[in-house]
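Asker: Residue strings, one per chain:
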Amino acid sequence: MKEKELLNELDVKIIIERLCQELIEHHDNFNNTVIVGLQPRGTLLKNRILENLSKKRKDIRSGNIDISFYRDDLRRREKPIIPNVMDMDLTVEGKEVVLVDDVLYTGRSVRSAIDALMTFGRPKSVELLVLIDRKFSRDLPIQANYIGKRIDVLEKQKVMVEWNEISGKDRIVMSNFR
Amino acid sequence: MSSLSVNNLLGIKYLSNSDINLIFSTADNFKKIINQSIKKVPSLRDITIANLFFENSTRTKLSFELAEKRLSADIINFSSSSSSVKKGETLLDTVNNILAMKVDIIVMRHPDPGASVFLSRNIRARIVNAGDGSHEHPTQALLDAYSIREKYGNIKNKKVVIIGDILHSRVALSNIYCLKKLGAHVSVCGPSSLMPINIQDLGVDHFSNLQEALEWCDIANVLRIQLERQNLKYFPSLREYSMTYGINKEILNRLNKHITIMHPGPINRGVELSSDVADSKQSIILDQVENGVAIRMAVLFLLAGKIKDN
Numbered sequence: 001m002k003e004k005e006l007l008n009e010l011d012v013k014i015i016i017e018r019l020c021q022e023l024i025e026h027h028d029n030f031n032n033t034v035i036v037g038l039q040p041r042g043t044l045l046k047n048r049i050l051e052n053l054s055k056k057r058k059d060i061r062s063g064n065i066d067i068s069f070y071r072d073d074l075r076r077r078e079k080p081i082i083p084n085v086m087d088m089d090l091t092v093e094g095k096e097v098v099l100v101d102d103v104l105y106t107g108r109s110v111r112s113a114i115d116a117l118m119t120f121g122r123p124k125s126v127e128l129l130v131l132i133d134r135k136f137s138r139d140l141p142i143q144a145n146y147i148g149k150r151i152d153v154l155e156k157q158k159v160m161v162e163w164n165e166i167s168g169k170d171r172i173v174m175s176n177f178r
Numbered sequence: 001m002s003s004l005s006v007n008n009l010l011g012i013k014y015l016s017n018s019d020i021n022l023i024f025s026t027a028d029n030f031k032k033i034i035n036q037s038i039k040k041v042p043s044l045r046d047i048t049i050a051n052l053f054f055e056n057s058t059r060t061k062l063s064f065e066l067a068e069k070r071l072s073a074d075i076i077n078f079s080s081s082s083s084s085v086k087k088g089e090t091l092l093d094t095v096n097n098i099l100a101m102k103v104d105i106i107v108m109r110h111p112d113p114g115a116s117v118f119l120s121r122n123i124r125a126r127i128v129n130a131g132d133g134s135h136e137h138p139t140q141a142l143l144d145a146y147s148i149r150e151k152y153g154n155i156k157n158k159k160v161v162i163i164g165d166i167l168h169s170r171v172a173l174s175n176i177y178c179l180k181k182l183g184a185h186v187s188v189c190g191p192s193s194l195m196p197i198n199i200q201d202l203g204v205d206h207f208s209n210l211q212e213a214l215e216w217c218d219i220a221n222v223l224r225i226q227l228e229r230q231n232l233k234y235f236p237s238l239r240e241y242s243m244t245y246g247i248n249k250e251i252l253n254r255l256n257k258h259i260t261i262m263h264p265g266p267i268n269r270g271v272e273l274s275s276d277v278a279d280s281k282q283s284i285i286l287d288q289v290e291n292g293v294a295i296r297m298a299v300l301f302l303l304a305g306k307i308k309d310n
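Protein sequences appear in the order of chains A and B. One point on numbering: in my numbering, the residue at position 122 of the first sequence is 122, and numbering is uninterrupted. One point on numbering: in my numbering, the residue at position 227 of the second sequence is 227, and numbering is uninterrupted.
Treat the hints as calculated values from the structure; they're not laboratory data. We treat Cβ as the ideally placed atom computed from N, Cα and C, and that holds for glycine. Careful, some of the hints might be misleading.
Stated by the list, open to error - Okay, derived cross-link-like pairs now, DSSO-like style, lysine-lysine, Cα gap no bigger than 30 Å in a straight line: (1) 158(A) / 308(B); (2) 180(B) / 31(B); (3) 159(B) / 13(B); (4) 159(B) / 79(A); (5) 156(A) / 308(B); (6) 124(A) / 31(B); (7) 31(B) / 87(B).
Claimed, not checked - Here are the computed distance ranges between Cβ atoms for each label pair: (8) 208(B) / 82(A): 41 to 51 Å; (9) 137(A) / 32(B): 25 to 35 Å; (10) 154(B) / 145(A): 51 to 61 Å; (11) 289(B) / 149(A): 49 to 59 Å.
Please build the complete structure, drawing on both the sequences and the hints.
Answerer: Okay, structure coming up:
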């Protein structure tokens, strides 16, 4: 399997800082904002964003959402679905929600996440923040509001965001997996 | 392991330890969901489930139905009292007719032991045994063990005594299998006439004295006397049974420790449990009922994940 590094540790750091600045521009003091990470990998990015924002803004509300039971491919996938923890000890009623995920690809996970989110109330608005936007690969009409980097890769190529907590280094790699 | 090793839930004896733990960890997720304000997930929206109850049931049937509805499955219900079984149709014919209507999962309760095993050999749908005669009642055992795990953190080395009519009880057999697999010490207690011969071969001890059994255990799972399955007189009278094996506050106060009381329901108040015990803080009977829905959601979700279109 051939691997290519798209972004290194420093690139990722700069991108996250920029994304945080954009969030501050739009949400100012975050009084009515909830930041929600998608389990499992979006929550790691969400944690980084919260950590970064904490230098400038305190007490930002956040949660993690698990989409396992809201997916549309239970009978259609080869691998079984492994549920993660749903960690939403808050309501999103009337809140401005920012969904956070690592890679935006077909848009199906985000569709499921919006579905899952609605069980915690009716948000005022829902935005999407992603580290990587894979261009020209959407199955659904879903776009992100905050984008780390747009990339153009073939369908057979896989884009992986690696985190320090899991693989010892922050970086984004592309591999040919077929 | 992230998928069940079996395609049907016929009994606890066919499950591996990792299957049981997978069901528990999936049930943890569902327990959170059924405590949200919106208790429904769209997981099984393209799955159809038939609930075939050839024997009376209230709580198990309601619990399965609720679990199925919470998962957004389409469901059809059938009870033998109002069906063609009364007109002489065989089990296989009845089920094949229902399957012809494109049903994916069958939940079945049947008075004959082994009915669900027989069915699994002859049809393609996924089968969940909701109790077959005096054989097994796997979801009840899973929810019992899950409730113990919830209260104590784990099951290993816990001492559980199952009290009552062991001979006619599918709950007892499934519980013994399940708790033994998870490393608990299990004993049974009741009149010798209601003990299966060779019960010790399952690795359980038999207490004939209730007080001794309660002194020994951490958890007492109390069963109902199944008068409907008894075609002989196994003990002189319910009153006598109650005086020898009924648990009341006085008996519990005499113990020098705090034990947990469980009951699969329906309770015959004043026979196996007195009201003050059934409603006390020591009893986790209503937690069992709540956990039943989460466990059944987990089982159905995991089995549905194994259905492939072809």
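Asker: Indicate, hint by hint, whether the structure satisfies it.
Answerer: Hint check:
1. 158(A) / 308(B): Satisfied, since the Cα-Cα distance of roughly 26 Å is no more than 30 Å.
2. 180(B) / 31(B): Cα-Cα ~24 Å, so holds.
3. 159(B) / 13(B): holds (20 Å)
4. 159(B) / 79(A): The hint is violated at about 38 Å.
5. 156(A) / 308(B): Holds, at about 24 Å.
6. 124(A) / 31(B): holds (28 Å)
7. 31(B) / 87(B): violated (41 Å)
8. 208(B) / 82(A): 41 to 51 Å: holds (47 Å)
9. 137(A) / 32(B): 25 to 35 Å: Once the Cβ atoms are compared, 32 Å apart, the range 25 to 35 Å for residue 32(B) and residue 137(A) holds.
10. 154(B) / 145(A): 51 to 61 Å: Check failed, 45 Å falls outside 51 to 61 Å.
11. 289(B) / 149(A): 49 to 59 Å: Taking Cβ atoms as reference, residue 289(B) and residue 149(A) lie about 51 Å apart, which means the hint holds.
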